[in-house]
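The task is simple: from the sequences and hints, build the whole structure.
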Amino acid sequence: MLTIAFVVSVLCLCTAASPATFEKHTVTVPMIRRGAPSSTGSVNMSDLQARVDALVLKYESGIYAYAQNTGSNPPFSPSSGRRSSVRRAYTSEELTDEEGGALWQGLVTVGSPTQTFTVNFDTGFGDVVLPGTACTSACKGRTQYNPIASKSAVDRREAFKWTSPDGDMSGRVYGDVVGVTGLQVSNQTLAVASSYTPDFSASLLPADGVLGLAFPSVSRLNTSPFIQSLVDQGQISAPVFAFKFADDGSELTLGGTNNNLYTGGFTYVPVETKSFWNVRLDGISINGTLTLGSSPSMIDTATVLLLAPAADAHTLYAAIPGSKPARTPAGDQIYTYPCASATTLSLIFNGKAFKIPPALFSLGRVQGQDGMCVGAVAGSERVSFWVVGESFLQTVYTSFDMSKSRVGFAALR
1 MLTIAFVVSV LCLCTAASPA TFEKHTVTVP MIRRGAPSST GSVNMSDLQA
51 RVDALVLKYE SGIYAYAQNT GSNPPFSPSS GRRSSVRRAY TSEELTDEEG
101 GALWQGLVTV GSPTQTFTVN FDTGFGDVVL PGTACTSACK GRTQYNPIAS
151 KSAVDRREAF KWTSPDGDMS GRVYGDVVGV TGLQVSNQTL AVASSYTPDF
201 SASLLPADGV LGLAFPSVSR LNTSPFIQSL VDQGQISAPV FAFKFADDGS
251 ELTLGGTNNN LYTGGFTYVP VETKSFWNVR LDGISINGTL TLGSSPSMID
301 TATVLLLAPA ADAHTLYAAI PGSKPARTPA GDQIYTYPCA SATTLSLIFN
351 GKAFKIPPAL FSLGRVQGQD GMCVGAVAGS ERVSFWVVGE SFLQTVYTSF
401 DMSKSRVGFA ALR
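Note that the sequence shown covers residues 1 to 413 in the working numbering.
As a list, the in silico DSS-like pairs of lysine-lysine whose alpha-carbon atoms are at most 27 Å apart:
#: 1; residue 1: Lys-161; residue 2: Lys-274
#: 2; residue 1: Lys-151; residue 2: Lys-140
#: 3; residue 1: Lys-140; residue 2: Lys-161
#: 4; residue 1: Lys-161; residue 2: Lys-151
Between beta-carbon pairs, the in silico distance windows are:
#: 5; residue 1: Gln-367; residue 2: Gly-249; range: 30 to 36 Å
#: 6; residue 1: Thr-116; residue 2: Ser-72; range: 35 to 41 Å
#: 7; residue 1: Lys-355; residue 2: Ala-318; range: 19 to 25 Å
#: 8; residue 1: Lys-161; residue 2: Pro-358; range: 43 to 49 Å
#: 9; residue 1: Lys-324; residue 2: Leu-290; range: 21 to 27 Å
#: 10; residue 1: Lys-324; residue 2: Ser-186; range: 49 to 55 Å
#: 11; residue 1: Pro-338; residue 2: Gly-234; range: 53 to 59 Å
No lab work stands behind these hints: they were computed from the structure.
All residues carry an ideal CB built from backbone N, CA and C; glycine is no exception.
Here is the structure:
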């Protein structure tokens, strides 16, 4: 069983090296990578397909929430190709683990006295979700939130029900104290689940729950995100946070950036629609040759994948000799390519190219096919934008600035 080491360190950044670094109330949250590569380094293709489907469903759900909250569809609404039967009904409101499938997670405390949970910090999600004591078999092995045991819990007397093709997630809405590395906010809205859907299964979500870091417009409960609550209650100076993802020393910084983790300045990209962290991807090159042009993209800290519109994925892999679609039950969404091709993918943001080295472009080897690897880019006919996950984010230090509506990328030290 994996032992989670959680070390608290408080940073006083007294000399700001960039506008997004703040002097007080800046803390770091150490994160661990849940799971390890398989002994063979091969990819479980059915599990990977489930991850693709869950990722698409997350964005379809967020887009639905945006429309419900704002009264209009976002400009990056899904393409008109093959669509799922997804719908969202509101009553009120890693590879398993094969190579490349692990996710990073940290600890939060909830309630008084505190109850401790592991969570994914997810920039593609707008709410805080925890399993409740009524969640039985679907939440087996997870720590469950018990509002009765918390003196600070407030029953909002609201139920929620999120419906998808794979089943319903339902539960009750509470408010309670939520703490991260010594920072606390009171009456933070919680979706306390009495059932988890397959996209929240232990193989896809090893953590107990999710702490969303997207803008409030995609909150399924139409509530203020945790990062904004920290600002409103005087816990941090501004709604800025930053991530470093690595095999060792991964961390989330709340309230600013950690100067010790990056070098040089940030390349900032403005958020186009305050929903997800939606920024313009100028283009994509393969081994230095421009292959794809401009597209909207979502920066997502809770997936290892890069997800592309199906046509973009086809074009990209067509430029890699020997690549081919993997035949999965859901269609040609996953691609394989010769491991020896040493493919370097570059994403271009605000005119600057950021490289994904061959080791991160590969999710692992194809079982039973010597010399073939699985690419980190998957395609879907149900999206009209890119989702940029940790296969890219491991190469940069990333700042998310809600107050200035921008994402910044800097070189890692």
